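Student: Each chain, letter by letter, is given below.
2 protein chains.
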Amino acid sequence: MLYSMKQTAIGIDIGGTNTVIGVVERSGDVLLQKSIPTATDGNALAFVENLSGEIRALVATVRQTQGDVQVNGIGMDAPNGNYYKGTIECAPNLSFKGVVPFVDMMRTHFPEQETIVLTNDANAAAIGEMIYGGAKGMKDFVMYTLGTGVGSGIVVNGQLVYGHDGFAGECGHTTLVPNGRNCGCGGKGHVETYCSASGIKRTAFELLVRDNAVHSLLATKSFAELDSKFIYQAALQGDAVALEVFERTGYWLGMAIANTILHTSPSAVFLFGGPVAAGELLLRPTRESMEAHLLPMFKNKVSLQPSQLHAGDAAIIGASALVYAEKTDN
Amino acid sequence: MLYSMKQTAIGIDIGGTNTVIGVVERSGDVLLQKSIPTATDGNALAFVENLSGEIRALVATVRQTQGDVQVNGIGMDAPNGNYYKGTIECAPNLSFKGVVPFVDMMRTHFPEQETIVLTNDANAAAIGEMIYGGAKGMKDFVMYTLGTGVGSGIVVNGQLVYGHDGFAGECGHTTLVPNGRNCGCGGKGHVETYCSASGIKRTAFELLVRDNAVHSLLATKSFAELDSKFIYQAALQGDAVALEVFERTGYWLGMAIANTILHTSPSAVFLFGGPVAAGELLLRPTRESMEAHLLPMFKNKVSLQPSQLHAGDAAIIGASALVYAEKTDN
Numbered sequence: 001m002l003y004s005m006k007q008t009a010i011g012i013d014i015g016g017t018n019t020v021i022g023v024v025e026r027s028g029d030v031l032l033q034k035s036i037p038t039a040t041d042g043n044a045l046a047f048v049e050n051l052s053g054e055i056r057a058l059v060a061t062v063r064q065t066q067g068d069v070q071v072n073g074i075g076m077d078a079p080n081g082n083y084y085k086g087t088i089e090c091a092p093n094l095s096f097k098g099v100v101p102f103v104d105m106m107r108t109h110f111p112e113q114e115t116i117v118l119t120n121d122a123n124a125a126a127i128g129e130m131i132y133g134g135a136k137g138m139k140d141f142v143m144y145t146l147g148t149g150v151g152s153g154i155v156v157n158g159q160l161v162y163g164h165d166g167f168a169g170e171c172g173h174t175t176l177v178p179n180g181r182n183c184g185c186g187g188k189g190h191v192e193t194y195c196s197a198s199g200i201k202r203t204a205f206e207l208l209v210r211d212n213a214v215h216s217l218l219a220t221k222s223f224a225e226l227d228s229k230f231i232y233q234a235a236l237q238g239d240a241v242a243l244e245v246f247e248r249t250g251y252w253l254g255m256a257i258a259n260t261i262l263h264t265s266p267s268a269v270f271l272f273g274g275p276v277a278a279g280e281l282l283l284r285p286t287r288e289s290m291e292a293h294l295l296p297m298f299k300n301k302v303s304l305q306p307s308q309l310h311a312g313d314a315a316i317i318g319a320s321a322l323v324y325a326e327k328t329d330n
Numbered sequence: 001m002l003y004s005m006k007q008t009a010i011g012i013d014i015g016g017t018n019t020v021i022g023v024v025e026r027s028g029d030v031l032l033q034k035s036i037p038t039a040t041d042g043n044a045l046a047f048v049e050n051l052s053g054e055i056r057a058l059v060a061t062v063r064q065t066q067g068d069v070q071v072n073g074i075g076m077d078a079p080n081g082n083y084y085k086g087t088i089e090c091a092p093n094l095s096f097k098g099v100v101p102f103v104d105m106m107r108t109h110f111p112e113q114e115t116i117v118l119t120n121d122a123n124a125a126a127i128g129e130m131i132y133g134g135a136k137g138m139k140d141f142v143m144y145t146l147g148t149g150v151g152s153g154i155v156v157n158g159q160l161v162y163g164h165d166g167f168a169g170e171c172g173h174t175t176l177v178p179n180g181r182n183c184g185c186g187g188k189g190h191v192e193t194y195c196s197a198s199g200i201k202r203t204a205f206e207l208l209v210r211d212n213a214v215h216s217l218l219a220t221k222s223f224a225e226l227d228s229k230f231i232y233q234a235a236l237q238g239d240a241v242a243l244e245v246f247e248r249t250g251y252w253l254g255m256a257i258a259n260t261i262l263h264t265s266p267s268a269v270f271l272f273g274g275p276v277a278a279g280e281l282l283l284r285p286t287r288e289s290m291e292a293h294l295l296p297m298f299k300n301k302v303s304l305q306p307s308q309l310h311a312g313d314a315a316i317i318g319a320s321a322l323v324y325a326e327k328t329d330n
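Order-wise, the sequence lines are chains S and D.
Take the first sequence: its position 114, counting from 1, is numbered 114 in my numbering, and each next residue is one higher.
Take the second sequence: its position 77, counting from 1, is numbered 77 in my numbering, and each next residue is one higher.
Keep in mind the hints are simulated off the structure, nothing from the lab.
One thing to keep in mind: the hints can contain errors.
Since copy identity is lost for identical chains, a pair holds within one copy or between any two.
[Unchecked claim] Once the Cα atoms are required to be at most 25 Å apart in a straight line, the calculated BS3-like pairs of lysine-lysine come out as: (1) Lys85 <-> Lys136; (2) Lys85 <-> Lys301; (3) Lys6 <-> Lys188; (4) Lys327 <-> Lys139; (5) Lys299 <-> Lys85; (6) Lys301 <-> Lys188; (7) Lys6 <-> Lys136; (8) Lys299 <-> Lys188; (9) Lys97 <-> Lys299; (10) Lys6 <-> Lys34; (11) Lys136 <-> Lys299; (12) Lys97 <-> Lys301.
Owing to the predicted nature of the structure, the values given are computational and were not obtained by experimental measurement.
Please model the complete structure; the sequences and the hints are all you need to start from.
Tutor: Written out as structure tokens, the structure is:
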């Protein structure tokens with residue numbers, strides 16, 4: 001009986017607006033998932049209590065509808081999630097203030113769970129890629145996540161790099177252009193100001209300004225409205241400015257990725273996030289720039305590819321995969 | 001009798017001009033060392049044979065003069081030394097062409113030695129720092145070596161990062177300034193064009209040009225003559241241009257180091273090489289720029305410090321330490 005029981009882990013993706021909870025099978029299949037609003041009142045204790053109730057309810061439903069399951073642990077990702085301490089620390093887009101001992105708070109609700117782990121979303125995506133995606137069997141690879149910001153997860157010798165304090169892998173905030181665009185973090189010229197979805201938008205307006213390109217399709221949208229999806233569609237219609245946006249973005253992204261490759265020499269770099277839907281329109285110039293910015297002995301060795309995780313489920317699958325990464329480590 | 005025997009490893013530093021061989025005790029003390037010219041005729045087989053003879057002679061002399069010693073392995077560093085393959089690959093400043101299977105060639109002369117290891121000089125310096133220097137007991141740290149170029153060695157979870165192909169840790173060739181100064185490797189704006197000893201000299205001339213500073217002490221030397229030591233001495237005498245050179249260099253170096261910290265989150269960064277003799281004149285602006293370029297959650301956590309290895313012996317000590325790093329891994 002025990003042997004036929006489905007093995008699962010809970011994956012939780014805590015975002016600025018919503019928190020998604022999934023019961024994920026060992027195969028990577030999501031048995032059931034639910035989205036709840038992330039607390040906006042700063043009350044982490046109440047939020048954890050609410051979240052715990054939702055988890056129990058979700059597992060109960062799975063058991064009623066799909067047969068008994070074994071829950072092997074809880075994996076979570078959150079902005080500024082610290083792997084070592086199990087804390088969420090001063091996350092700018094969450095309402096929780098200061099340092100929240102999130103894993104400890106979860107433990108009071110799930111004393112029976114040995115494995116409760118927290119990290120940030122890019123690290124979770126990297127682990128997800130390693131356990132369920134294109135990085136299966138790879139010992140050294142890097143994940144770049146392109147969204148509102150740019151995140152990254154670095155795997156060396158088969159292990160995620162957390163660094164001495166649990167915050168490693170912030171490639172999005174390395175300086176790409178000294179004294180360049182203002183970054184949300186207060187810095188200047190960071191990778192995410194050029195390569196995130198909003199970085200792409202900023203590049204579009206930079207080109208509109210440079211060329212006074214009033215006839216571009218991109219000139220029909222306000223700064224608040226324009227997004228990378230619209231730019232992609234304009235590029236498909238042959239809009240010259242939109243096409244150049246992808247060339248420029250690929251140039252910056254390839255340079256950033258080359259800098260990362262020169263650090264840890266991965267065999268592959270995976271790209272995840274909305275802008276990656278542009279496919280070769282983004283990947284080709286990125287690959288060209290990456291190769292151009294590598295030392296000769298690194299050239300033509302590193303595979304640049306889109307993530308193989310399903311976009312919709314990737315966050316909870318990645319979070320759930322943390323549980324298995326944990327069990328393999330020991 | 002066996003227990004009183006001194007435990008040693010052979011450390012070999014293969015440079016463009018000279019190759020230094022040392023018999024290094026487990027404590028890090030160099031019992032005896034010798035420098036021989038590195039082959040300039042491209043004949044690696046003959047060079048390895050010569051080198052092997054010199055090693056045997058050196059060990060014999062140590063045994064005659066200092067009592068019997070146990071030799072536990074041979075650690076070597078060379079430009080473009082590949083840890084995994086034991087090869088020296090297309091090193092621009094060595095006469096050997098293509099891919100030289102250096103470790104295999106050494107094995108034919110030392111079949112009794114189980115541990116024969118090769119990597120590049122910055123990686124060897126990092127291992128030396130970990131086993132004999134300021135990084136003792138650290139799990140996550142980075143070594144930057146400032147010389148003709150800029151090298152680096154990255155340690156994560158107590159292990160040197162070699163990457164998928166053995167060439168990781170080339171921070172000196174990450175792009176610091178897009179379309180910046182020409183680098184010897186063919187790239188542009190690399191860290192080493194700003195932060196190496198020659199990068200410092202280039203900055204000096206840039207400032208002389210900017211200000212037409214004919215009265216600076218630095219204006220008395222030709223481009224071929226000026227070196228970072230002279231700039232340091234001029235700075236000590238209050239020369240305004242020389243002082244600004246260190247401010248600018250620290251600014252660039254701090255930015256480069258911050259980029260590395262954002263990748264692997266080390267607890268310390270060590271600096272090694274000639275320019276580090278300038279002490280706080282270089283370290284203060286580097287530290288300020290490093291902190292300024294870090295995300296808030298990384299600030300005031302990373303110790304920036306000069307290497308604690310003795311400059312004269314560091315290369316062979318680091319190379320010999322490779323042997324012990326190897327034995328600890330297993």
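Student: Indicate, hint by hint, whether the structure satisfies it.
Tutor: These are the hints, each one checked on the structure:
1. Only between protomers do Lys85 and Lys136 lie at most 25 Å apart by alpha-carbon distance; the minimum there is 24 Å, versus 27 Å within a single protomer.
2. Taking the closest pair of Cα atoms, Lys85 and Lys301 come within 25 Å of each other only across two copies (16 Å); inside a single copy the shortest separation is 36 Å, beyond that limit.
3. In the homo-oligomer, the alpha carbons of Lys6 and Lys188 never lie at most 25 Å apart, since the shortest distance is 49 Å inside one protomer and 55 Å across protomers.
4. In this assembly of identical chains, Lys327 and Lys139 lie within 25 Å of each other by CA distance both inside one copy and across copies; the values are 17 Å within and 21 Å between.
5. For the homomeric pair Lys299 and Lys85, the shortest alpha-carbon distance between copies (18 Å) is at most 25 Å, but the shortest distance inside one copy (38 Å) is not.
6. Only between protomers do Lys301 and Lys188 lie at most 25 Å apart by alpha-carbon distance; the minimum there is 21 Å, versus 31 Å within a single protomer.
7. In this homomeric assembly, Lys6 and Lys136 come within 25 Å of each other (Cα to Cα) only inside a single copy, at 22 Å, whereas the closest approach across copies is 46 Å.
8. When the C-alpha separation of Lys299 and Lys188 is checked against a cutoff of 25 Å, the pair qualifies only between copies, where the shortest distance is 16 Å, while the shortest distance within a copy is 29 Å.
9. Only between protomers do Lys97 and Lys299 lie at most 25 Å apart by alpha-carbon distance; the minimum there is 18 Å, versus 45 Å within a single protomer.
10. In this homomeric assembly, Lys6 and Lys34 come within 25 Å of each other (Cα to Cα) only inside a single copy, at 19 Å, whereas the closest approach across copies is 66 Å.
11. In this assembly of identical chains, the alpha carbons of Lys136 and Lys299 lie at most 25 Å apart only when taken from the same copy (23 Å versus 35 Å across copies).
12. In this homomeric assembly, Lys97 and Lys301 come within 25 Å of each other (Cα to Cα) only across copies, at 21 Å, whereas the closest approach inside a single copy is 44 Å.
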